[in-house]
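Asks: Below are the chains, spelled out letter by letter.
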Amino acid sequence: TPFGLHDLSLSVSVMRDMGVPFGVIVNRMEPGHDSIRQYCKDQSIPLLMEIPFSMEVARACADGLGILDVLPEFEVPFLDMFQQVRGMIS
Amino acid sequence: MNQWLIISGKGGTGKTSVTAAFAVLAGNSVLADCDVDAADLHLLTEPENLESHEFVAGIIPTIDPTKCTGCGICEDLCQFGAIKRISLDKSIVMQVDEVACEGCDVCHYFCPEDAITVQPNHCGSWYVSRTRFGDMVHARLIPGAENSGKLVSLVRKKAEQRADENGCDLVLVDGPPGTGCPVVSSLSGIDLAILVTEPSPSGRHDLLRVLELAEHFNIPSEVIINKWDLNEDYSMKLEQELATNNVSVAGKIRFDPRMYDALLQGKTIVELSDDGAANDMKTIWKKLIFNHRKK
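Chains as they are written, first to last, in the numbering used here: chain A, 18 to 107; chain B, 11 to 305.
Simulated from the structure, these hints should not be mistaken for lab results.
Derived SDA-like pairs (lysine to any residue); straight-line CA-CA distance at most 25 Å:
1. B:K292 with B:K304
2. B:K296 with B:N176
3. B:K277 with A:M46
4. B:K296 with B:L221
5. B:K160 with A:L25
6. B:K160 with A:M35
7. B:K94 with A:G36
A short, non-exhaustive set of chain A residues, derived as facing chain B with CB atoms under 8 Å:
8. L27
9. A79
10. D80
Beta carbons: idealized from backbone N, C-alpha and C, even for Gly.
Turn these sequences into a full structure, and let the hints guide you.
Replies: So this is what it looks like as structure tokens:
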């Protein structure tokens with residue numbers, strides 16, 4: 018969203034000022050809403066994961082459950098993402 | 011003067027969207043964006059800038075390497091780990107880490123060589139703009155900078171002054187998330203705290219914290235449960251819990267996918283539709299005006 022993109026750019030400034038390695042995960046992604054993906058591409062920022070918007074996830078989180086309780090197929094992408102992060106910091 | 015603050019505790023519950031929608035429904039108000047760390051209200055209000063000012067608060071020290079002997083007294087005294095040793099032209103001198111520095115001035119005071127000077131710290135900027143709803147006072151803190159509480163106070167003060175000058179009796183304040191110093195600063199002198207929450211354990215948890223804060227300062231509160239139908243059971247339980255504790259709930263706003271479209275267009279949902287969430291907001295607004303607006 019425009020709020021997300023705006024605030025992300027502020028966070029990116031801080032990370033760059035402090036020299037901390039970083040990557041982006043886009044949450045509640047909808048098809049066609051790719052301003053963040055484009056921003057990451059333009060800024061050469063690693064886009065670690067995109068998690069789709071899902072009413073079931075929203076409801077489950079409201080019940081105190083996690084994303085993987087509703088979308089277990091995301092276990093592999095999450096593990097892949099951890100590996101990628103490990104690679105970035107080693 | 012009516013100064014109404016929209017806060018939430020948890021971030022992302024919809025404060026800014028609700029503030030902007032209320033500004034439309036109010037017809038005439040002065041807006042204050044007090045989320046100075048990550049201000050977003052301008053994304054919905056299309057501001058035309060009228061004034062820009064530097065925000066300077068606190069000090070930042072500089073160590074002159076030609077005078078510094080590397081004695082390390084400043085490093086020992088610094089409570090914030092903001093002074094480090096560096097090697098310069100084969101000698102050791104001290105250097106300030108500007109991000110870690112809190113501007114306490116101790117190093118400057120105790121340096122035996124007078125090698126430290128201090129300058130006013132430029133932490134950000136604040137602005138007065140015109141929007142389609144009325145004037146807006148907003149600010150931007152430089153990422154990583156200090157004194158966000160002071161900048162919030164400044165935005166509040168300028169917004170109130172602007173309302174006085176414009177003969178306007180309503181200031182709508184888009185508050186910061188959390189319960190820290192900027193939130194406390196934004197609560198000062200507020201007539202009504204409007205708490206926007208969502209039906210989730212973290213929403214509830216953070217709501218209770220800001221409620222406690224508002225009560226501590228004797229500020230009347232009204233709760234709005236946003237996106238309530240994402241978890242109807244949880245919403246109902248929350249409403250019951252609040253009623254049991256004599257906390258007033260002004261109303262509930264349903265999840266409405268058109269909120270996103272409105273956001274993309276830089277508009278508020280009440281400008282784009284009459285039903286759904288827009289209608290919920292209108293109902294709540296009428297209730298708030300009826301119960302709280304002072305003439």
